[in-house]
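Chemist: Listed below are the residues making up each chain.
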Amino acid sequence: MTGVHRVVVTGLGAVSPLGHTAASYWENLKLGKSGLGPITLPPAAEELTQKVAAEVKDFEPLKHFAERQLSTLDRVSQFAVVAAREAIVQSGLAFDMALSARTATIVGTGVGGQTTLDESFRRVYLEKRTRVFPLTIPKLMANAPASQISMDCGLRGPAFAVASACASATHAIGIAFHMVRGGLVDCAVTGGAEACITFGTVRGWEAMRVMAPDICRPFSKGRMGLVLGEGAAMMVLEPLERAQARGATILGEIVGFGMSADAADLTAPDLGGMVRAMQAAFDDARLGPADIQYINAHGTGTAANDETETKALHEAFGPHAKTLAISSTKSMIGHALGAAGALELVATLLAVRDGIAPPTIGYIEPDPACDLDYVPNKARALAIEAAVSNSFAFGGLNAVLVVKRFS
Amino acid sequence: MSDVAGDVIAIIAKKKRVDKPTVDLSDKLLDLGLESLDAVEMIFDLEEKFDIQIPYNANTNNPRTEFETVGDVVAAVEKLVAQKTS
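In order, the protein sequence lines correspond to chains Z and F. Residue numbers for the first sequence follow this note's numbering, beginning at 5 and rising by one. Residue numbers for the second sequence follow this note's numbering, beginning at 1267 and rising by one.
Hints were generated in silico from the structure; no laboratory data involved. Some hints could be false.
[Stated by the list, open to error] Partner residues aside, some chain Z positions facing chain F, computed with beta carbon under 7 Å: (1) Lys225; (2) Met228; (3) Gly229; (4) Thr271; (5) Leu275; (6) Gly276; (7) Thr306.
[Unchecked claim] Ranges of calculated distance between the beta carbons of each label pair, as one might list FRET restraints: (8) F:Asp1338 - Z:Gln73: 55 to 65 Å; (9) F:Ala1276 - Z:Arg160: 37 to 47 Å; (10) Z:Ala387 - F:Ala1279: 43 to 53 Å; (11) Z:Ala265 - F:Thr1288: 50 to 60 Å; (12) F:Ala1348 - Z:Ala48: 22 to 32 Å; (13) F:Leu1296 - Z:Gly399: 55 to 65 Å; (14) F:Asp1269 - Z:Ala267: 40 to 50 Å; (15) Z:Glu64 - F:Leu1303: 53 to 63 Å; (16) Z:Ser28 - F:Leu1303: 56 to 66 Å; (17) F:Leu1296 - Z:Ile254: 24 to 34 Å; (18) Z:Ser28 - F:Asp1338: 47 to 57 Å.
[Stated by the list, open to error] Per the computed footprint, the stretches of chain F lying under chain Z, defined by three or more beta-carbons under 8 Å from a beta-carbon of chain Z, are: (19) 1294 to 1306; (20) 1337 to 1351.
Remember, predicted model here, so these are calculated numbers, not experimental data. Ideal Cβ placement from N, Cα and C applies to all residues, glycine included.
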C-alpha cells in the first residue's frame, strides 16, 4: 500500500498492576481500583526507604513461556511479549511472509532489562562472583522487548526500540502511526514495556526526592509525588481499508501525533514544551481544541508536573479547557515510565469506545494551582468523539497522541 | 565558625549560580540562585558528608522557604549531626 491512510487500532494487549489483560485492566480502571501496594519484588526490599509501588501482581512467567524461552527474557520482555500476543490475537491477523515483512515492531522502554542488570551487579559487586549469566547482555539491552516480540510473533519488518524515558511508548506508537499512515508499512505492533521496580532503580528514584510515600494523588491538594509502576501495553495498527476488507473489529482510530523538546531543564516540566507538543498533535490530527472532550493527562502526581500540565492545558485549549474531562491513570497504576504512554493510550482508546472517562483516584480536594475537571475518584459516562493522551519525559521530551471514535 | 558550617558553606558554594566570591551564613538560598535539582544535589552532598538522613520531598518541601538562609541549613545539619551522636 502507498499514500496516506487512516490508521485504526484492531488489537490491544496489556499487562498491568490492575490485571494481565487489556479487558481486566480496563474494568478495574473504570471501577477506580488502586494497583498500588507494598514493594515486594526486589531482593532486600525491606531495606528500601520507599515502601510503595504499583507492581504487576501474581504474574507467573511459566504460564506464558516454556523454560527454554524464559531463560532469554527479562521481566520487561515477558510483559512485552504477553501484551503483544494478546493484541495480535484480538486483531485476528495471521502474519504470512508477505504481511510479516511489511509489519513494524516499535516498542518504547525507559530503562530496559533492569532486573537482569540488578541481578548481575549483585553477583559481581556484592557476592564477588566472577561470572554472570550468559544471556545477561541480550536480556538487558533496551531493544530486547522489540526483538523478543518480533521473534515470538514472527514480525519481519522494521523493528526497533524507542527510548525517551516517560514518553517512550507514546513516541513509539506515534512513529508507528506515522509509518502506517504514510504507507511505509502495512501493519504495526507497537507500545511500551517497563519493569523498573528493582533495588537499584528504586534507590535512584529515592534520590530524586519526588516519590509519594503512600498514595499517588494527581492534581489534588496534598499530593506528595509519583509512585513507580510497571507493565506493558501493545496494540496492532493497520490502515482502515485493510481492517475493513478483512472484517476486523475496529477499536478506535489514531488521528494525530505531536512531539517537542523543552531544551531547558533536565527534570523540571516546561510549559512551552508541553503546549507545543499538544498543538503539533492537533495540527497533525487536523482537529481544533474544541473537537476534544477527554484528556488522559501525564498527571504524575508531582507538585511541578500537575501544576505545569494544568497551565499547558489552559494555554493549548483556551476557554475550552474548563469543559474537558481530564484524568490521570497513574493514580491507579503508578508511573510505568516507558510503558506509561501505551497503558494510558489503551485507557484512552477504551474511554472513547465505551464513552466512559476513567477517574483520578486519591483525589482529596482542589488545589488552586490545578483548577480543571480531573474526574475525581469516580468514573463518568461521557460522550467522547476525540481524546488526547499526554506524555512528558525527563530530559524535556514531550509526545502527544490524538485518538477519535471510529465512525 | 563551626566545622559543620565550613563544610556546609563549601557544599553550597559549589551549587550557587551567582557570581559572588564568598558564601556567608546570612546569604539567602534564593539569592544564590539554587534551583530544584541543585537542592536535591545539595541534600545528597550534605547527607554523604555528615552521614545523616535529611527528610525531604521535592513535592512538599520547599528548601527556599524552609531554609531561607545558609545559616538555616547549617543549623538543621548541626541538629541532625547532634541527634546522630547522642
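Chemist: Hints first: check each against the structure and report whether it holds.
Modeler: Results of checking the hints against the structure:
no.	hint	in the structure
1	Lys225	11 Å, violated
2	Met228	5 Å, holds
3	Gly229	4 Å, holds
4	Thr271	6 Å, holds
5	Leu275	15 Å, violated
6	Gly276	17 Å, violated
7	Thr306	5 Å, holds
8	F:Asp1338 - Z:Gln73: 55 to 65 Å	58 Å, holds
9	F:Ala1276 - Z:Arg160: 37 to 47 Å	59 Å, violated
10	Z:Ala387 - F:Ala1279: 43 to 53 Å	59 Å, violated
11	Z:Ala265 - F:Thr1288: 50 to 60 Å	38 Å, violated
12	F:Ala1348 - Z:Ala48: 22 to 32 Å	30 Å, holds
13	F:Leu1296 - Z:Gly399: 55 to 65 Å	26 Å, violated
14	F:Asp1269 - Z:Ala267: 40 to 50 Å	42 Å, holds
15	Z:Glu64 - F:Leu1303: 53 to 63 Å	40 Å, violated
16	Z:Ser28 - F:Leu1303: 56 to 66 Å	39 Å, violated
17	F:Leu1296 - Z:Ile254: 24 to 34 Å	55 Å, violated
18	Z:Ser28 - F:Asp1338: 47 to 57 Å	51 Å, holds
19	1294 to 1306	holds (count 4)
20	1337 to 1351	violated (count 0)
Hint compliance for this structure: hints 1, 5, 6, 9, 10, 11, 13, 15, 16, 17 and 20 are broken, all remaining hints hold.
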